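Chains U and X are the protein sequences, given in the same order. My numbering puts the first residue of the first sequence at 1, with every later residue one more than the last. My numbering puts the first residue of the second sequence at 1001, with every later residue one more than the last.
A few of these clues could be false.
[To be verified] Below are the DSS-like pairs computed for lysine-lysine, each with C-alpha atoms no more than 27 Å apart in a straight line:
1. U:K153 with X:K1223
2. U:K70 with X:K1137
3. U:K27 with U:K153
4. U:K94 with X:K1223
[What the hints assert, rightly or not] Covered by chain U, per the in silico footprint, the following chain X stretches (three or more residues, Cβ under 8 Å):
5. 1200 to 1212
6. 1219 to 1233
Derived by calculation from the structure, the hints in this document are not laboratory data. Owing to the predicted nature of the structure, the values given are computational and were not obtained by experimental measurement. Ideal Cβ positions, reconstructed from N, Cα and C, are used throughout, including at glycine.
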Amino acid sequence: MAEIIIRNLRKEFGAFTAVQGSSFTIKDGEFFMLLGPSGCGKTTTLRMIAGLELPTSGEILIDGEDVSQKPASQRDIAMVFQMFALYPHMNVRKNISYPLVSQGMPKAQVQAKVAEVARILGIADILDKPVGGLSGGDRQRVALGRAIVRSPKAFMMDEPLGALDAEFREHMAEELRALHDRMKATTVYVTHDQLEAMQMGDKIVVMNHGVVEQFGTPQDIYDHPATLFVADFIGSPSMNFLRFEGSAPAGATSVQLGDTAMALPELQEAATGKLVLGVRPEHVALTDASPYRGRVEATEYLGTTQIVTLSTPHGQIKARTPAAQIATPGETVGLTLNARTLSLFDDTTGCAIRTAANAGVQHG
Amino acid sequence: MSAYSVTEPTRSSKWFAGLLVVAYTIITLLPLVWIIATGFKSGPDSISYPPKVVFEPSLEGYVNLFTTRTRIASDDFAALPPPETWYDQIVRDTGMVIAGQSRFGERFMNSVIIGFGSTFLSIFLGTLAAYAFSRFKVPLKDDLLFFILSTRMMPPIAVAIPIYLMYRELGLSDTHLGMILLYTAVNISLAVWLLKGFIDEIPREYEEAALIDGYTRFQAFRKVVLPQAATGIASTAIFCLIFAWNEYAFAVLLTSGNAQTAPPFIPTIIGVGGQDWPAVAAGATLFLLPVMIFTILLRKHLLRGITFGAVRK
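Whenever a hint applies, use it, and build me the whole structure from the sequences.
Written as structure tokens, this is what we have:
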């Protein structure tokens, strides 16, 4: 297994820059998520690590060795494709053993390896079937089998659950994570599904327009988004943004939102001009006493909780409140924002202002 | 009682469709049946009027096809020892004796060598070129593809004279190599275009998976792309073979003694006292066989090939 270091990785397709100078480190044994909307460069980054695209510039170090200009076959990496890419003219056994045959492994050893992998994945009974008739889940397992059979330095997964239906996806995600915990293999996983990334990843890189927006643990990224894009992209419903103009010096512990002083973690740098106060829906509470007021526009009942949409002097926000709390559309209520969880962004640059809470978080 | 269904054809429409197919089959197959039948007729039966549908089968045509015969004086004829073989007998019955072997076998072999040789070469080069066009960034790709296609925009025979002169200078006239190269040149544009379409449809992920699994680009091409392009290769091969096999004009112009193929040879079969129709029909029948066998062998692929794109996998 291996540590992968990406340094200033850049990829241009003609005039289009798919990835502009990404840098991050994937630790040995980490389940690493590349997350972002389609076209953000996450798949291109993965393909560069795998060796299917050569970077325009930058370094890719696998176990300390720069492989950025080496062909895929010499990188000792396995990949699971979105459409699985099982060889359609071979049966399951041949598909799984194919990477071993390429290494010239003796037949008996290949058989033993395939049997072991089949046992781990629970596909021993379908080894002699053609891949054409398999269900989505079994195809997925065969594709995984083909990847793990070789014990490569790292796994690349390009939206491997994208082709499965929603119900089965959940199940496969758990299976994948369990498999990873068991094998402790460095895994780089591309997805556009933020829930999948949060659920499975040890670390997440959020990309947008070829730029790394943030790099960190799911908790860091959720609680302390580094940019407005990340704040908006992660979470459902996404973070509320209260836009206002004002200024606060370094060391301030509140900002002036209209007539209300809104407490927030101590600022470590000065903020001025167009600012955005970010708050997750679950950190908005409806309390009559609060001086900051909003009008209830609508409610969505979700079982244990409900999403209340409110209009405030600084834009519409959503609050996640207990389902039992009564909120009638048209009524005006007080809003309390949980001070310790608030983020402050500079609206012009889109970047978060450093505070006591997000000080350790890594920007892209 | 059966419920009315939108998708299931009704009884009468099934009958109608069946009749249409049968009628079409008869119309298409009739000339073929006639040729095969004529091959088994005797000389007089083949030209009798009204045409004989029921006749006494004879192998005269086939024997005549493979032999040259001569008429000898009646005294000598009577003095001959009894015929040794069944084909001697057939020839004797027409009042002649076998003088030697005809050149049909040789011409037929020429057709096989040139037809299959050029088909193989077209497919070999076409597959490599199509793969490159499909997968790599080839400079001026679209222009090159158009250029390749443009070689088919005029009838090949339009350049017959320049080719004739070139071949004479290069010593390629009347050689197997010359004919193979010529048919390959004509077929390769078709092969590149058809095969590129087929290879385009094969997802790149398969090769990428193989590349990551430790195979080189060429190994991935050979072990992963080729098996999946089999359908396309088979149908392209059939088209190429049919062209090379049936080509007449260049064969007449460029071949004579050495590399002449069957198409220009068959019409020249002339018996004593006029065109030997049973022998010509026998030659045509035998000439049909290789293409038919080749097509039947690849039928499964061809069927998928010609409906390709219409039905998604």
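Structure-based check of each hint:
1. U:K153 with X:K1223: holds, 25 Å
2. U:K70 with X:K1137: holds, 19 Å
3. U:K27 with U:K153: holds, 12 Å
4. U:K94 with X:K1223: holds, 12 Å
5. 1200 to 1212: holds (count 8)
6. 1219 to 1233: Holds: 4 residues of the segment 1219 to 1233 of chain X have a Cβ under 8 Å from chain U.
Hint violations for this structure: none, all hints satisfied.
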